[in-house]
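Asker: Work the whole structure out from these sequences, hints included.
Note that the protein sequences, when read in sequence, are chains A and B. With the first letter of the first sequence counted as 1, position 40 gets the number 42 in my numbering; the numbers rise by one all the way through. With the first letter of the second sequence counted as 1, position 227 gets the number 302 in my numbering; the numbers rise by one all the way through.
By construction, these hints were calculated from the structure, which means they are not laboratory data. All values reported here derive from a predicted model rather than from experimental measurement. Even glycine gets a Cβ: it sits at the ideal position worked out from N, Cα and C. Careful: at least some of the hints might be erroneous.
As the list claims (entries may be wrong) - Derived DEER-like restraints, expressed as beta-carbon distance ranges:
id : chain 1 : residue 1 : chain 2 : residue 2 : range
1  : B       : Val120    : A       : Leu38     : 19 to 29 angstroms
2  : A       : Thr7      : B       : Asp333    : 44 to 54 angstroms
3  : B       : Ser322    : A       : Ala145    : 24 to 34 angstroms
Okay, here's what each chain looks like letter by letter:
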Amino acid sequence: MNRRTPLTRWYGAGPLHLLALLASLALTGFAVQRLLAERPLAVAVWFVGAAVAHDLLLLPLYSLADLSARSVLRRRRGPAPAVPWINHLRVPALLSGLLLLVWFPLVLDLSVPYPGATGLSEGVYLGRWLAVTGALFGASALALALRLRRAGRSGPARGSGEDGGES
Amino acid sequence: MGRRGGGSPRSRPRPAADASRRLGRDAARAAARARTAAGARLSAVAARLSAVADRLRRAPAPPGPFRPGFWRSPIRGPWLTSVFGLVLLVGIPVLFVTGALSYAAYNPDLGPLNDQTPDKGWLGFYLFDWPTRPAWLYRLVQGVHVTLGVVLVPVLLAKLWSVIPKLFEWPPARSAAHALERLSLLMLVGGAVFEFATGILNIQLHYVFPGSFYTLHFYGAWVFIAAFAVHVALRLGRMVRALGSRSLLGELRTGLADTRPEPPDADGLVAVAPAPPTIARRGALALVGAGSLALFVVTAGQSIGGRLRATALLAPHNRAPADGPNGFQVNKTAAAVGITAAMVGPDWRLELHGAGPVRSFTREDLLAMAQHAARLPIACVEGWSTGDQHWSGLRLADLAALAGLPDAASVLVDSVQPPGPYASVVLRGNQIRDPRSLLALHVNGVDLALDHGYPARVIVPANPGVNNTKWVHRLTFRA
Chain A
3 MNRRTPLTRW YGAGPLHLLA LLASLALTGF AVQRLLAERP LAVAVWFVGA AVAHDLLLLP
63 LYSLADLSAR SVLRRRRGPA PAVPWINHLR VPALLSGLLL LVWFPLVLDL SVPYPGATGL
123 SEGVYLGRWL AVTGALFGAS ALALALRLRR AGRSGPARGS GEDGGES
Chain B
76 MGRRGGGSPR SRPRPAADAS RRLGRDAARA AARARTAAGA RLSAVAARLS AVADRLRRAP
136 APPGPFRPGF WRSPIRGPWL TSVFGLVLLV GIPVLFVTGA LSYAAYNPDL GPLNDQTPDK
196 GWLGFYLFDW PTRPAWLYRL VQGVHVTLGV VLVPVLLAKL WSVIPKLFEW PPARSAAHAL
256 ERLSLLMLVG GAVFEFATGI LNIQLHYVFP GSFYTLHFYG AWVFIAAFAV HVALRLGRMV
316 RALGSRSLLG ELRTGLADTR PEPPDADGLV AVAPAPPTIA RRGALALVGA GSLALFVVTA
376 GQSIGGRLRA TALLAPHNRA PADGPNGFQV NKTAAAVGIT AAMVGPDWRL ELHGAGPVRS
436 FTREDLLAMA QHAARLPIAC VEGWSTGDQH WSGLRLADLA ALAGLPDAAS VLVDSVQPPG
496 PYASVVLRGN QIRDPRSLLA LHVNGVDLAL DHGYPARVIV PANPGVNNTK WVHRLTFRA
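Answerer: Here you go:
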């Protein structure tokens, strides 16, 4: 597809690639110029910071939390449970964290204008989030308990070593 | 786009010192020609930069995330990325179109009072006269925009997780094309997170972003969509091929025990040293789906209303501020914008400006005139809305005729509230002439409550809530 014209050799891709990107960046430039019209530094920090906050903060943090949970709980003494259990921790933790990530200003009472604007009090949200979180972990624990019981009933032959690889 | 053959091997190997010596010679000749010290300095800097770039290209990847063995998830791969990509390919354009419609709903071309982005230029090329039919139009558009935005958060996070090894590609730029594309990707990721963050903060009235929400979210959307469009154009083929590489039904039948990594890919998403799987691909999809579902459940009720409102456990307008006929959701209370009893007491008058002399009415005068009723919702840019309320009062069309301008092209509506955003708005002729457009005095059979705009407020079908001005004291009709 790439004939080695001087352009493709120097640029590293076909002319269509270059034109599409230049068109996109021209529109981006037009909008960025207006985006930065007032308080350019603060807006630029927010814009680039948005990418950095996700890629270099949020993602490493939740990855690290996952890895630590797995390694800490794997090394604990005693026989390993007879069913893979990590997802019983992961699922409620992720769902609860997701709800907090989206609704944290209300949950943590951070929105100063909220009561004045809506005529409602912010106070209800923390309790509700905690209740949802509790319900999620509770349901997950119940599901794990049922699975463990079923695994126990179908025979203790399933060794912990087999599941060690999965958890 | 062809494969770029892994960077350096194709370019002629040339020691860095040799290159810098040659460039130094070029630099010396240029300096002699120009006979300026500045030219020489510039050339020297260029030579040094080029030498650094050359050395960087040859250097081994730094340790940690830059090494291919670092990323170990056994389910990361082009197929999984493409599934998330496909959902966003449908969802993001819906967000963009509903957002653009919401902007049009403010009728920004009627002047600076309606427009927080007056220097938009041709970014407002598509603007049109916002209709008044169907009355639930804005309720639907904005409910979809906000709810879908919230629901897509886990999909966006999953998509970004699935491509994170690409952030740490080494060398950082293989060619000019690659560098340009990565600049565009910064706009894409920065734009996506910026748009989701500003939107989600705004619906919770947590105004920590640097500037007016309208300005930031509007221009940010154009930055994001420009990068999104070119990303789709460059990757659509790869996405379709990747989706065809595995069957969705097959994946949904594959449990943890049978989960294997995807075959190695040119983009380097598939781990070279995968860890044993702890979740099947169908498990990962289900988890993201469950996240979207959970967010939908705790959010959508504030836009659907009725008995479902209470299900929106974490949404800002999931309950009524009071009981009774005036017990529906409010955007700004009277106290919050500084309305005092004196402003709306017995001295309150409605001023009517138009073709003839200015006319002034007490509330009793207005109540003595022919009253009309309409069942209309309030729908806010923040995504929440009320069900239809039963409003009654004077038709804007009748008031236009009273002002001597029955065919008025627009009306400026002023509130008694102290100056601030949306203390005044302009409505268009089609909005004035809709028989359901009212200067309302009553709602649900009783006087308007102070928080709902007593003594009089505008209510226009399909109008964004903030343009339905409360505590109105002057209407200026214009030909």
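Asker: So which hints don't hold here, by number, going up?
Answerer: none
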